[in-house]
Amino acid sequence: MATVTLTNIRKSFGPNEVIHGVDLDVANGEFIVIVGPSGCGKSTLLRMVAGLETVTTGELRIGGERVNEKEPMDRNIAMVFQNYALYPHMSVFDNMAYGLRIAKTPKAEIAERVANAAKLLQLETFLARKPRELSGGQRQRVAMGRAIVREPDVFLFDEPLSNLDAKLRVQMRLEIKALQRKLGVTSLYVTHDQVEAMTLADRMVVMNAGDVEQIGAPLEVYERPASLFAAQFIGSPSMNVLRGTAAGALVTLANGAVIEAAVDAKGPVIVGIRPEHLAPDPQGPIALDTTMSEPLGWNTLVHGTMGGTDSELVASLAGVHRESELQGTMRFSVAASLTHLFDAASGRRLGG
Amino acid sequence: MSGMVEKRGVGLWLTHAGLILGVLVIFFPIWLAFVASTVTQPEIVRPPMPLLPGDQFFENYREALVSGVNTPVARMLANSAVMALGIAFGKIAISLLSAFAIVYFRFPGRQLFFWLIFLTLMLPVEVRIVPTYEVVARFGMLNSYPGLIFPLIASATATFLFRQFFMTVPDELAEAARVDGARPMRFFWDILLPMSRTNIAALFVILFIYGWNQYLWPLLITTDPSMNTIVMGIKQMFPSGDDVADWPVIMATSLLAMLPPVLVVILMQKLFIRGLVDTEK
Numbered sequence: 102m103a104t105v106t107l108t109n110i111r112k113s114f115g116p117n118e119v120i121h122g123v124d125l126d127v128a129n130g131e132f133i134v135i136v137g138p139s140g141c142g143k144s145t146l147l148r149m150v151a152g153l154e155t156v157t158t159g160e161l162r163i164g165g166e167r168v169n170e171k172e173p174m175d176r177n178i179a180m181v182f183q184n185y186a187l188y189p190h191m192s193v194f195d196n197m198a199y200g201l202r203i204a205k206t207p208k209a210e211i212a213e214r215v216a217n218a219a220k221l222l223q224l225e226t227f228l229a230r231k232p233r234e235l236s237g238g239q240r241q242r243v244a245m246g247r248a249i250v251r252e253p254d255v256f257l258f259d260e261p262l263s264n265l266d267a268k269l270r271v272q273m274r275l276e277i278k279a280l281q282r283k284l285g286v287t288s289l290y291v292t293h294d295q296v297e298a299m300t301l302a303d304r305m306v307v308m309n310a311g312d313v314e315q316i317g318a319p320l321e322v323y324e325r326p327a328s329l330f331a332a333q334f335i336g337s338p339s340m341n342v343l344r345g346t347a348a349g350a351l352v353t354l355a356n357g358a359v360i361e362a363a364v365d366a367k368g369p370v371i372v373g374i375r376p377e378h379l380a381p382d383p384q385g386p387i388a389l390d391t392t393m394s395e396p397l398g399w400n401t402l403v404h405g406t407m408g409g410t411d412s413e414l415v416a417s418l419a420g421v422h423r424e425s426e427l428q429g430t431m432r433f434s435v436a437a438s439l440t441h442l443f444d445a446a447s448g449r450r451l452g453g
Numbered sequence: 027m028s029g030m031v032e033k034r035g036v037g038l039w040l041t042h043a044g045l046i047l048g049v050l051v052i053f054f055p056i057w058l059a060f061v062a063s064t065v066t067q068p069e070i071v072r073p074p075m076p077l078l079p080g081d082q083f084f085e086n087y088r089e090a091l092v093s094g095v096n097t098p099v100a101r102m103l104a105n106s107a108v109m110a111l112g113i114a115f116g117k118i119a120i121s122l123l124s125a126f127a128i129v130y131f132r133f134p135g136r137q138l139f140f141w142l143i144f145l146t147l148m149l150p151v152e153v154r155i156v157p158t159y160e161v162v163a164r165f166g167m168l169n170s171y172p173g174l175i176f177p178l179i180a181s182a183t184a185t186f187l188f189r190q191f192f193m194t195v196p197d198e199l200a201e202a203a204r205v206d207g208a209r210p211m212r213f214f215w216d217i218l219l220p221m222s223r224t225n226i227a228a229l230f231v232i233l234f235i236y237g238w239n240q241y242l243w244p245l246l247i248t249t250d251p252s253m254n255t256i257v258m259g260i261k262q263m264f265p266s267g268d269d270v271a272d273w274p275v276i277m278a279t280s281l282l283a284m285l286p287p288v289l290v291v292i293l294m295q296k297l298f299i300r301g302l303v304d305t306e307k
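Quick note, the sequences are listed as chains A and B, same order.
For the first sequence, position 43 matches number 144 in this note's numbering, and the numbering has no gaps at all.
For the second sequence, position 120 matches number 146 in this note's numbering, and the numbering has no gaps at all.
Calculated from the structure, these hints are not laboratory results.
Be careful, since some hints might not be right.
To be verified - Some chain B residues well away from chain A (every beta-carbon gap over 12 Å; in silico):
| hint | residue |
| --- | --- |
| 1 | A127 |
| 2 | V156 |
| 3 | G207 |
| 4 | I217 |
| 5 | P220 |
| 6 | S222 |
| 7 | S252 |
| 8 | V288 |
Said to hold, decoys possible - Reference excerpt, derived from the structure (chain A facing chain B, CB under 8 Å, subset only):
| hint | residue |
| --- | --- |
| 9 | N169 |
| 10 | P173 |
| 11 | N177 |
| 12 | M180 |
| 13 | F194 |
| 14 | L265 |
Just so it is clear, the structure is predicted and the values come from calculations on it, not from any experiment.
C-beta atoms are modelled at their ideal positions from N, C-alpha and C, and glycine is treated no differently.
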């Protein structure tokens, strides 16, 4: 159990800086999800915490102690890799016991710890098997077992679910969450999947091109995205962004439509509206020229462009709608409190 | 075999007849050698050559093994075994370690060293044989096992093969071992080496035969008949001038020389299969 503190962490590969100063305080037992598109530096950040990459500048503390110069094994962390990284020639038992054997843990204690982990992960009947004789989900559990038996201060997960099929991913997601709650171990979890980020995180770190865009609880990021990037990355389908000009609390959009915003602003702004917040309203200010629709069952996505412009617009209607109802131009309104305003130049959130 | 599609008819018989004929054609010279090793000298030189084994099997083989022509064949077989095993194990050990260094460590000139090793692939033994002889002679290693083994022990081919294999091993495995606390050599012993088992077995077969069949190098550096290897020894058995060749003993020696490589192939074949199937530890 430990805190993790990152202070102005930077990473350069040769002349290229890929992480531009990350500050993060992780509380004891907290589940932090680092989320971002591929190439944003999230894995590099995790690997620096693991000790697999050196920290170029900045300070990394685990449990209050500076660990920049320490080998991975001396940091008391455990890591779960994307492709599981199980030793193919060793049995499940040996895979889990390997780290303990290197640490010269007494045999009886190894057996006990592995047995406990196997019980926790329902792997008891597989201990003698080789990794290739296991299914993807079982391998994933062995990889977690290997992390658990070491009783580390910090768990590090590097996209652990991305090699699983969709159904298993949902199941393992729940298992990881339950396990982390039960063990109460501080965890850093890297993913590009916003659903994993939303469901697992106590707090999430949204990263983009080596910068932290926002750190916050999942719903905080959803409800009050700090930047245009965070706004568009979290939420599915992604938030609609419309250019406009603000005068007080009123924003005039490109086609002349006027909508009410939650905050006062002046000059060019970007309005963000989540598709699920567009409410059908025959008198509404926002016109959508529909091009196609996607019925998903529990909701229906209507794609098109904003009337008179070519900016794309998506609306998400609750429930089932037949395609015949979704033709031509539809009109929507949006509650002022559900709009988001961003600075047109910097993309930062305007107002509270 | 029940899973295979059963094919019947004339086509099947013809195929088998063709295959059997092919086997017979290829096997015939070996059969002749065997026949020649079981008859007496006069029987061989008197045409037509016999096609069925004679009654001199034990006599000829005993003579070959115990006395031979210059050196007892048993002695030459032992020399060959030492040389072939030394080369095979030495090459495997050196190439495993150098491939490990090249793939897993970042050091200055890493690429340079790799290409230097790779370049030596293009130089056959014959090209560098004179300087090599000079070096070995100055070290006083003529007529010795080290002299037979060391000059042939570095292998660009095997290094290259292991490099390619190591590069297919996911990086995460090395990282997982690092997180588990394994130092580089521990990772090498515990994880890389067991994973390379089948490659090592395959390479062992190739390298053993390579070492066993060395001809030119032993011929150059072993002047003492007691250090002769079997492959060059056969050649030494041919008389110079007008002496009569003792064909039955020479043929017996040839067959004895073939035996160890054949045994290695057959035994290692089983190991391949165990390595591939690998049910228990």
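Cross-check of the supplied hints:
1. A127: holds (20 Å)
2. V156: Check passes; 45 Å lies beyond 12 Å.
3. G207: The claim is violated: G207 (chain B) sits with its nearest Cβ about 3 Å from chain A, within 12 Å.
4. I217: Since the minimum Cβ distance to chain A is about 6 Å, I217 (chain B) lies within 12 Å and the statement is violated.
5. P220: violated (4 Å)
6. S222: violated (10 Å)
7. S252: For S252 (chain B), whose nearest Cβ neighbour in chain A is about 44 Å away, the distance exceeds 12 Å, so it holds.
8. V288: It holds; V288 (chain B) is separated from chain A by about 30 Å at its closest Cβ, greater than 12 Å.
9. N169: Interface hint status for N169 (chain A): violated (16 Å vs cutoff 8 Å).
10. P173: holds (5 Å)
11. N177: Status violated, d = 10 Å.
12. M180: holds (5 Å)
13. F194: Not OK, violated: F194 (chain A) not within 8 Å of chain B, min 11 Å.
14. L265: For L265 (chain A), the interface hint is violated, since the closest Cβ of chain B sits about 16 Å away, which is over 8 Å.
In this structure, the hints that do not hold are numbers 3, 4, 5, 6, 9, 11, 13, 14, in rising order.
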